[in-house]
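Just so you know, the sequences run in chain order A and B.
At position 106 of the first sequence (counting the first as 1) the number is 123 in the working numbering, and the numbers step up by one without a gap.
At position 301 of the second sequence (counting the first as 1) the number is 344 in the working numbering, and the numbers step up by one without a gap.
Don't read these hints as lab results, they were simulated from the structure.
Backbone N, C-alpha and C fix where the C-beta goes; we use that ideal spot for every residue, glycine too.
Incorrect hints may appear among the rest.
Claimed, not checked - Only some residues are given here: those of chain B computed to face chain A with a beta carbon under 7 angstroms: (1) Phe-158; (2) Ala-232; (3) Gln-235.
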Amino acid sequence: MKRRAFLAAPLALLAPELRAEPVAYPLVEPRALAFPRDHGSHPEYRTEWWYLTGWVRDAAGNDFGVQVTFFRNRPGLAESSASAFAPRQLLFAHAAVADPRHQRLRHDQRARRAGFGLVTASEATTDVRVDDWSLRLDGEVYRADVTGRDFALKLAFKPTQPILLQGDRGYSRKGPDRAQASFYYTRPHLAVTGTLDVDGTARSVTGSAWLDHEWSSEVLSRDAQGWDWVGLNLADGGALMAFRIRGKSGETVWAGGTLRDAAGSVRTFPPDDIEFAPTRRWRSSRTGVEYPTAFRLRAGALSLSIEPLMDDQELDSRASVGTVYWEGAVRAIADGREMGRGYLELTGYWRPLKL
Amino acid sequence: MRSHVTSWGAVTGGAFRANAGRLALSVAAIALGVALGYAVQLINQAAVNELSAGLATVAGDADLEIRGPRAGFDEQLFVQLAGESEVALASPVVEVDAKLARESGELRILGIDVFRAGPIQPGLIGEGEDGLDTLRPDTIFLSTSAAEALRVRRGDTVDVLVGLSPVELRVAGVLSAQATGRLAVMDIAAAQDRFGRTGRLTRIDLRLRPGADADALKQRLRATLPPGVAVEKPQASLRAATSLSRAYRVNLNVLALVALFTGGLLVFSTQALAIVRRRTQLALLRVLGMTRRDLARKLVAEGAIVGAAGAALGLAAGYALAAVAVRFFGSDLGAGYFRGVEPRLGVEPWAAFLFFALGVGAAVLGSLAPALEAARAQPGSALKAGDEQRALERLRTPWPGIALWLAGLGASFLPPVRGLPVFGYVAIACLLVGTIMLMPRVAHALLRAAPRPRAVPGALALDQLRGAPGQASVSLAAVVASVSLMVSMAIMVASFRQSVDDWLDRVLPADLYVRASMSTDTAYLSPADLDRLAAVPGVRRIEPLRAQQILLDPDRASVALLAKPVDATDPTKQLPIVGTFVVPGSDDPPPAWVTEPMADIYGFTPGSRIELPIAGRRVPFLVAGVWRDYARQQGAVMIGRDTLVSLTGDANANAVAFWLAPDATLDAVSRALVAAIPGGGHLEVATPGEIRDVSLTVFDRTFAVTYALEAAAVLIGLFGLSSSFGALVLARRREFGVLRHLGMTRRQVGAMLAAEGFAVSAVGLAVGLAIGWLISLILIYVVNRQSFHWGMELHVPWIGLGILGAALLALATLTALVSGRRAMSVDVVRAVKDDW
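With the hints as extra help, turn the sequences into a complete structure.
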């Protein structure tokens, strides 16, 4: 679950059971995922996201962090409406490029209601469109096409490894209550090729990325304040995902993680095996919010130092999705050596995420 | 030079002091004109500002705006436009005027997609208690003024009528944008669902990609949009919204200018006579070495001072007047052009400057002729007595007057300029000024024709006037101008009112009328309701009326599309047809009957074939006749009810006319009608008499301003009369002295003056009536027709005019008497000695 402040998004500011029309969202229960069907949208569930994060490098050797996300939300409104504009399914898209040369994040977003073929999320396979922004699975390759205010990207993401099912065959628990769970699978080590335009010229880039596809109906437990999440493509071909749900006083309410080593054997960590220990804090001059942007992460026997590509990777999305969080490119370091690269997400440091 | 200055001070100061009363009147007349003009401008500008600010919030910073008929167009157009490569964002809107269920009145509701409207129209995005309030099917956000008008706050509810059933909407918040007018915003899907607009949109706002050519896209879209759907830049909406009231505004401004003109005339008469009286002093100044130019300049400066004082006073009064008018009548002065607009008054420096300049200009122009004349006089002869006559002789050449007259008559036949009756006004001005210039001749002829009375005072009075028509003609000019303007307005308004009255008779032939709502989109009677109403005992026959709106020209307001059962073989039974009508043959398309404005604006003449955009198609119609309609200035087209139902499937009705069985009583049937259908309590039930009363009240309110201006004209006319007469009498002190020495009593001199006053006003009244009648013809057949496209019949309010005339005569006689008494308070001997 991690991710994804979007689900905290505008919609999330409500107490759903009080406000929305009573809608019977399906419960998340362990079942075998089937592809390509489960690459597609699951509109009956409350929330869903396709979350691409990665590192790319241009011919000149400049590193960039790239994030492209599509969210789907079923707010439980207008379920019986006859209007083609009925806001039964809302789609949000968010993209950001971290450019360390400028020490700033370029980002833009789209929020729309589904409909008219302009804004769609296919149920057959990954094919999400929000007006001119899109992410689709074309054969084996994911293609993202995004044009923002001050950047544009057209990237292809080619899987190099099998699908990594998180939790119990893709059933991933998020809290002490078994209902607090999601369907969750990951495509780590995606080979990236394409063009990135951050200053008016399209540059060819290559790199490595990570895709999460996750859907659920249940939300965070009431005493949750937010979460820390990290997903790493390890240099040796392994993949590590770890998260913790924080309580009101910063204590860990729940935690979890998965490590697939280079040989392909998967280890799922129970809550006790995951530990996030902040090693440095950074305060945003824009919002005044303080984030622990560097960690010592322990996952079972593995111990890694998490260092950001740059400190300022804060996303102020109050105007659109109503929250402020940190989502950024990070390096994993052990004994002074880079062990992997990935993305870190820190939510609930501005205000508690009310889900 | 110094001595000139001081002696000038004495001459002017003395004149100002001696004429304090008349000066005050001149100042007041200029002030009146300036006040009216400035007030009209302020009020109108306030309304337009408010309207454009509201439209700006609604339009946001859209680059192009797609507008369709009120019934909407297919939402697929949105998909098509959103896919255009030049379009960055397309924001669909469903706009309805909803009828309020709990109170009278209406509320404009915009159904928007917050996600797409947000970047274009941020002012329309409400902030609810949570992010979903903007999407919920039962929530609504109100503008500040709507919330104030409905006296509701967040959490309260507003009920709107759909069909005849109330729909409850929760007020989720108040829009933060300041100037939005009275409107509400809700989710587009909810608006489609709730107001029966599924699949329909009324507007799409487009934001283009950077670098896209809005004009080129506009041209391209024009060719592909469905009939009745227009693409425009947002500014065009304001043009269309204000175009209706434009003629009304211009007419009000012209009326104000007329008041100013009369004020200038008053300055002219006051100055002319003041100069005549000071003729010897002025000549003395010339002898003492003052140049002609100096003298003329100083005399004109006197006029300018009067003008400046009047204009300054007028600006202050105008602001106060505007404030009061907006408060009590609304920004359209009761004319109903700007519903839901709440204007805030500004100072409008440019308008203030303009009207100040006009006020001063009128006074300067008024004093120019007498000043030049005084400067031109030979000092030697001017120093002698009895020279006053010559001062006004110049005005006796008839040719300029005749030329103006002919020009005026010619101008009255010219067409409007950009929808404004420019030449109508020119014609009126020419006739008026021409008449004034011809007045000495006319007065002479009239007085010559008058029988010489037996009594000495009367005979003397007539002789005096015949002998010295120049002096009288100055007073006459003022009388003629004000009387003719007053009479013309009176005849025009009376004709209009009578025509409206007659029209109401013809359009209200039924026994009873029931209305869901004529002006809103949401309240209506369903076919099932109509069946139930027709079945109510005592009802003999019903005639349902459906009202929609279609857009024929994007630069103009929408026109009403009306439908009711009309007998094509004789439409006069159901419509107040003007002129001839055409019975459609078997090969003809279905008939449409258009109103006079439609015939004027769009050139729809009986027998011609037209196409109307209905239900997204261009439908051919035969113009089968023109009918009179004072209710919709923008124009209306009536088609058969069957035609509308077959074209659109819309079988609802906005209103129904009932004919009752002979034995039925109105009360019983009204009660039964209301009880016969669900939601019947929301119906408005009225008899023809009640509708007529309300209509005439509205008419009178609309013309309240005209009445006010008419009163101003009378006032100015009386000012002018008393002013010029008083001056005249003062100037003739010597003559009275001689008369007294010859043995006439004070009483006889008084009688003589009264007779003179009577004779002058009688002449002025007679000419004023004649010219007023002529001008009223221009007002009715040129100005009104071209401005508002309203046809009307001439009705002269003889009784009113008779009373007015008698009152004027009496007042004029009285004024002459009072002035005479003042003149005769001077010692007889001294008066004669004065300058021998």
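Non-conforming hints, listed in increasing numerical order: none
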